[in-house]
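One line per chain: the protein sequences are E and C, in this order.
Using numbering that gives the first Met the number 0, you'd call the opening residue of the first sequence number 0 and step up by one each time.
Using numbering that gives the first Met the number 0, you'd call the opening residue of the second sequence number 0 and step up by one each time.
Worth flagging that the hints you see were computed from the coordinates, not collected in a lab.
Do not rely on the hints blindly, as some may be mistaken.
No more than 35 Å apart at the CA atoms, straight line, and that leaves these computed lysine-lysine pairs for DSBU-like [said to hold, decoys possible]: (1) Lys44/C x Lys164/E; (2) Lys126/E x Lys137/C; (3) Lys161/E x Lys129/E; (4) Lys30/C x Lys178/C; (5) Lys31/C x Lys59/E; (6) Lys38/C x Lys179/C; (7) Lys178/C x Lys38/C; (8) Lys38/E x Lys132/E; (9) Lys178/C x Lys179/E; (10) Lys129/C x Lys161/E; (11) Lys59/E x Lys59/C; (12) Lys164/C x Lys132/E; (13) Lys53/E x Lys38/E; (14) Lys44/E x Lys31/E; (15) Lys161/E x Lys178/C; (16) Lys151/E x Lys178/C; (17) Lys44/C x Lys53/E; (18) Lys179/C x Lys161/C; (19) Lys164/E x Lys129/E; (20) Lys59/E x Lys137/E; (21) Lys137/C x Lys38/E; (22) Lys164/E x Lys30/C; (23) Lys53/C x Lys126/E.
A few chain C residues facing chain E, derived, Cβ under 8 Å [what the hints assert, rightly or not]: (24) Gln79; (25) Ser80; (26) Tyr124.
No experiment lies behind these values; they were computed from the predicted model shown.
Quick reminder that beta carbons are idealized off the backbone N, C-alpha and C, glycines included.
Number of protein chains: 2
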Amino acid sequence: MSFYELYHQIVSQTTSNNIQLPLSIMEHTFKKGTVITEKRAYFMKEGIAEMTIKSYTSEKIIDFFFQDEMFCSLSSFLTQSPSNVQINAITACTVESFTYIELQDLLTYSLEMNQFARIIIEQAYLKKAKREKDFLCKTAEERYLEMFNTHKEFILNISVSKIAKYLGIHPESLSRIRKKLIS
Amino acid sequence: MSFYELYHQIVSQTTSNNIQLPLSIMEHTFKKGTVITEKRAYFMKEGIAEMTIKSYTSEKIIDFFFQDEMFCSLSSFLTQSPSNVQINAITACTVESFTYIELQDLLTYSLEMNQFARIIIEQAYLKKAKREKDFLCKTAEERYLEMFNTHKEFILNISVSKIAKYLGIHPESLSRIRKKLIS
């Protein structure tokens, strides 16, 4: 999928107009292991990225981004201030991106762009709220199983240690969960 | 503040039009201790509410809502499906509210309503993301102090046990923190 296809899919639910993409989209790539800069908003054409945060004791992974998803350091993008999170390419990533300034200009007058941005932020909110609830109400095994079921095709490209960091458990505990699920 | 004043404040940043409120707003009250139903979106004119979730072991408080804030069970409101959270009036609450159906209809054509809804959801996202980061990067004492500084006038109306549940610590630990801060 491309960014234009995602935009079209969302905006066509609410308009019968001919849909043109008003943003200047840049396509670029990030090598595996590089930092994805936080000043732009991205659409993942291919690849996997992680969002990390440094806590008192260690580095935590608080999000993964997969193919066909919008992503960015949203708090930092929305407030245009430096952030304490970092986005890294876990695999080679091909992305499309646009700038905050161009988006803000469009948001002052474009109904379609407001609908698109609202729906993307709703989805980001729902994902974040679900993660909070899942941490409180589901076991690590249940959370891993759900991740496996929804992203089976991607999850094999993420190391056990990274998945464990995301689930908030020790890699040994995750290995035990995986063995139990296979048997 | 009223809901109309909040709407005007947000929408006037992006339009020079005469701003009319297109939603039917209902004002009502909830007695202290009652459940605030999840089907509508609310603006808090006066009072304090909490959002609770039942985890494996106990009930947790994941949010407080104060005067002049929009609130609802947002995941449930956005997806119009039952939720595993509950909103309760901690004090007597006077609220203004509107329905999902009326909002959705407006979102198909109103630029201003899309701008308003987008900004409200951005704020909800930022609050949720901040809570996640604070849990990872700040001590309970730092989080309490921040809560105290931003909501000093309201916090005295919330019991120690509820604040401790929100911070994810034992009430005894919170009492120690409070004593230390006073001395």
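Status of the hints after comparison with the structure:
no. : hint                : in the structure
1   : Lys44/C x Lys164/E  : violated, 42 Å
2   : Lys126/E x Lys137/C : holds, 23 Å
3   : Lys161/E x Lys129/E : holds, 20 Å
4   : Lys30/C x Lys178/C  : holds, 32 Å
5   : Lys31/C x Lys59/E   : violated, 39 Å
6   : Lys38/C x Lys179/C  : violated, 42 Å
7   : Lys178/C x Lys38/C  : violated, 41 Å
8   : Lys38/E x Lys132/E  : holds, 29 Å
9   : Lys178/C x Lys179/E : violated, 48 Å
10  : Lys129/C x Lys161/E : holds, 22 Å
11  : Lys59/E x Lys59/C   : holds, 23 Å
12  : Lys164/C x Lys132/E : holds, 15 Å
13  : Lys53/E x Lys38/E   : holds, 19 Å
14  : Lys44/E x Lys31/E   : holds, 15 Å
15  : Lys161/E x Lys178/C : violated, 40 Å
16  : Lys151/E x Lys178/C : violated, 50 Å
17  : Lys44/C x Lys53/E   : violated, 38 Å
18  : Lys179/C x Lys161/C : holds, 19 Å
19  : Lys164/E x Lys129/E : holds, 17 Å
20  : Lys59/E x Lys137/E  : holds, 19 Å
21  : Lys137/C x Lys38/E  : holds, 25 Å
22  : Lys164/E x Lys30/C  : violated, 43 Å
23  : Lys53/C x Lys126/E  : holds, 19 Å
24  : Gln79               : violated, 12 Å
25  : Ser80               : violated, 11 Å
26  : Tyr124              : holds, 5 Å
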